[in-house]
Amino acid sequence: MFPEYDVIVVGAGHAGCEAAAAAAKMGSKVLLATMNMNTIAQMSCNPAMGGVAKGQIVREVDALGGMSGIITDQTMIQFRMLNKSKGPAMWSPRAQSDRMRFAEAWRLTLEQTENVDFWQEMISSIVVEDGRAAGVRTSLGITIRGKAVILTNGTFLNGIIHIGEKQLGGGRAGEKSAKGITEQLIEIGFEAGRMKTGTPPRVDGRSLDYSRMEEQFGDEKPSKFSYTDTETLKEQRSCFITYTNSDVHEILKTGFEKSPMFQGRIQGLGPRYCPSIEDKINRFAERDRHQIFVEPEGWNTVEVYVNGFSSSLPEDVQHKALRKIVGFENAKMFRPGYAIEYDFFPPTQLNLTLETKLVNNLYFAGQINGTTGYEEAACQGLMAGINAHNKVHGKESFVLKRSEAYIGVLIDDLVNKGTDEPYRMFTSRAEHRILLRQDNADIRLTKLGFKLGLADETRLKAVDKKIEETGEIIAYLNNKPIEPGDINSMLESLGSAPIVEKQRAGQLIKRPNVEIEHIAAAIPAVAEYLSKFKADSVEQAGIAVKYESYIEKEHVMANKMSELENYNIKGKINYRDIPALSTEAKEKLLKVQPETIGQASRISGVSPADISVLMVYLGK
Numbered sequence: 003m004f005p006e007y008d009v010i011v012v013g014a015g016h017a018g019c020e021a022a023a024a025a026a027k028m029g030s031k032v033l034l035a036t037m038n039m040n041t042i043a044q045m046s047c048n049p050a051m052g053g054v055a056k057g058q059i060v061r062e063v064d065a066l067g068g069m070s071g072i073i074t075d076q077t078m079i080q081f082r083m084l085n086k087s088k089g090p091a092m093w094s095p096r097a098q099s100d101r102m103r104f105a106e107a108w109r110l111t112l113e114q115t116e117n118v119d120f121w122q123e124m125i126s127s128i129v130v131e132d133g134r135a136a137g138v139r140t141s142l143g144i145t146i147r148g149k150a151v152i153l154t155n156g157t158f159l160n161g162i163i164h165i166g167e168k169q170l171g172g173g174r175a176g177e178k179s180a181k182g183i184t185e186q187l188i189e190i191g192f193e194a195g196r197m198k199t200g201t202p203p204r205v206d207g208r209s210l211d212y213s214r215m216e217e218q219f220g221d222e223k224p225s226k227f228s229y230t231d232t233e234t235l236k237e238q239r240s241c242f243i244t245y246t247n248s249d250v251h252e253i254l255k256t257g258f259e260k261s262p263m264f265q266g267r268i269q270g271l272g273p274r275y276c277p278s279i280e281d282k283i284n285r286f287a288e289r290d291r292h293q294i295f296v297e298p299e300g301w302n303t304v305e306v307y308v309n310g311f312s313s314s315l316p317e318d319v320q321h322k323a324l325r326k327i328v329g330f331e332n333a334k335m336f337r338p339g340y341a342i343e344y345d346f347f348p349p350t351q352l353n354l355t356l357e358t359k360l361v362n363n364l365y366f367a368g369q370i371n372g373t374t375g376y377e378e379a380a381c382q383g384l385m386a387g388i389n390a391h392n393k394v395h396g397k398e399s400f401v402l403k404r405s406e407a408y409i410g411v412l413i414d415d416l417v418n419k420g421t422d423e424p425y426r427m428f429t430s431r432a433e434h435r436i437l438l439r440q441d442n443a444d445i446r447l448t449k450l451g452f453k454l455g456l457a458d459e460t461r462l463k464a465v466d467k468k469i470e471e472t473g474e475i476i477a478y479l480n481n482k483p484i485e486p487g488d489i490n491s492m493l494e495s496l497g498s499a500p501i502v503e504k505q506r507a508g509q510l511i512k513r514p515n516v517e518i519e520h521i522a523a524a525i526p527a528v529a530e531y532l533s534k535f536k537a538d539s540v541e542q543a544g545i546a547v548k549y550e551s552y553i554e555k556e557h558v559m560a561n562k563m564s565e566l567e568n569y570n571i572k573g574k575i576n577y578r579d580i581p582a583l584s585t586e587a588k589e590k591l592l593k594v595q596p597e598t599i600g601q602a603s604r605i606s607g608v609s610p611a612d613i614s615v616l617m618v619y620l621g622k
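Reading the sequence shown from the start, the letters are residues 3 to 622 in the numbering used here.
A hint or two may mislead.
Stated by the list, open to error - Cut-off 27 angstroms, straight-line C-alpha distance, at most; resulting in silico cross-link-like pairs (DSSO-like, lysine-lysine):
id : residue 1 : residue 2
1  : Lys572    : Lys562
2  : Lys419    : Lys593
3  : Lys536    : Lys463
Honestly, the hints are just simulated from the structure, not real lab data.
Sequences are here, hints too, so could you generate the full structure?
Structure below.
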């Protein structure tokens, strides 16, 4: 009935979709198995992509040749560039998506991708032969052979939904949980744990009074995620902001005695940076209000996502409390919020390729690794798909360094440090964030994507053109003389000191308050010159000139770190045989079995002194 596939992907969420698309585009014969074909790429929680650091990941996925950026551009209803008041290392694109169109676009894309087959059924176990994944078995007892298997099960592994005192088996509201895989993996020798996440109630937008809320518009000139020629938004839908109050908090407290979180019915750990509303009012009792973002779920639907009101309290308590929020006095609830608890596998059991250490050709990606977020899942799926394809075709593994991409930071953190709560990417996690900006992901990664066979030649030519244009603009700015009389009034209006003799444009742009667009506005010749180039090339040049010294320092630091990465540790080492290592270092190094000195240095519990001992032992 089935051929033998190169890669079998289990689960069709954001990780599974990217994994299947990547492996298929690279030439593998792929089977995408899902329990429900109608929920492919479902946005289970917030209908949005991007955000702080997450937006950088989507840009990186796109630069490598992944699909999340393109599909977001095709289906978004609002775009905002966050943190524009800060430096460019902090700028983060975010899009509000049309939930139904996003899922539809992903499904249609996969259906039109050569080499992708589909099968709708629960996968109950993995076929393991001689320590290698060799296929999957379905709940109907069907065996499907495959050379590599990627598990992207999301929240479905033994998932339990909590609403007050009610418990329902399920991986998502209205969908059953997946059984069998966890038990098999534990029997093989894998360590498993439990995690928790939550979602807020959805309400009927027709029942809300938006006139009593703060309107949040999209950017006046919206950008996009993909570096391809996807269209920019011509119209946008607004989001709105309102707040909880003391009345809301008092009503919520009446449900605490039935709270699954406070009564100990939930064992899994939840994300502390995205707490439920009951957790907020319990942990931050001194605050008399919390911000609520009122976000439409699409262009035409009236369903609204109540961001900031995640809850697992009884549904009647949720409804009463909602109606005390300004603008929600007559709110009608479509469905209550809930918490969901599910199995995950600590990611220290993985190699940097996302292949498991215990079973060859078996890969984990997404929430099964203890992460949260569509973006984190998508990039793991992409990397697992790439590496599964390369493994079964005898090609080199593909690993991104921490200095190359946020994706590299994420996977390195997971594999070396593990996680005891759902891992979410922040800019603060990246020590080289000045280099890893959202504006230069194409320059950093497209050539790698092209070499892999994911990014096409059109993308490569566009990047080469951008690099060429950026270089021309930088040279022009660093040589263009500016007279005091032409610029001083503008400088003074910006609160910057006037110049007494002519200066190069590049020197002026290095000032804190002066940007490339200010120079162009004051000097017609500069504006005329810049008009010949694409806007992203101009932006790139302005950033390169302003932050030149910081970028150079970051490159020096990254190069020093890469020297450690080049010290390979070949073969497995019994670290107990190195007496000078600390006891904790021996345990951690034995567990992780790092591939390089650099990786060893980032393992929690391994000190600089331990690294010195290890380098002496290895003769480095």
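Right, here's what the structure says about each hint:
1. Lys572 / Lys562: At roughly 21 angstroms apart (the allowed maximum being 27 angstroms), lysine 562 and lysine 572 satisfy the hint.
2. Lys419 / Lys593: holds (11 angstroms)
3. Lys536 / Lys463: Holds, at about 14 angstroms.
Violated hints are absent here; each numbered hint is respected by the structure.
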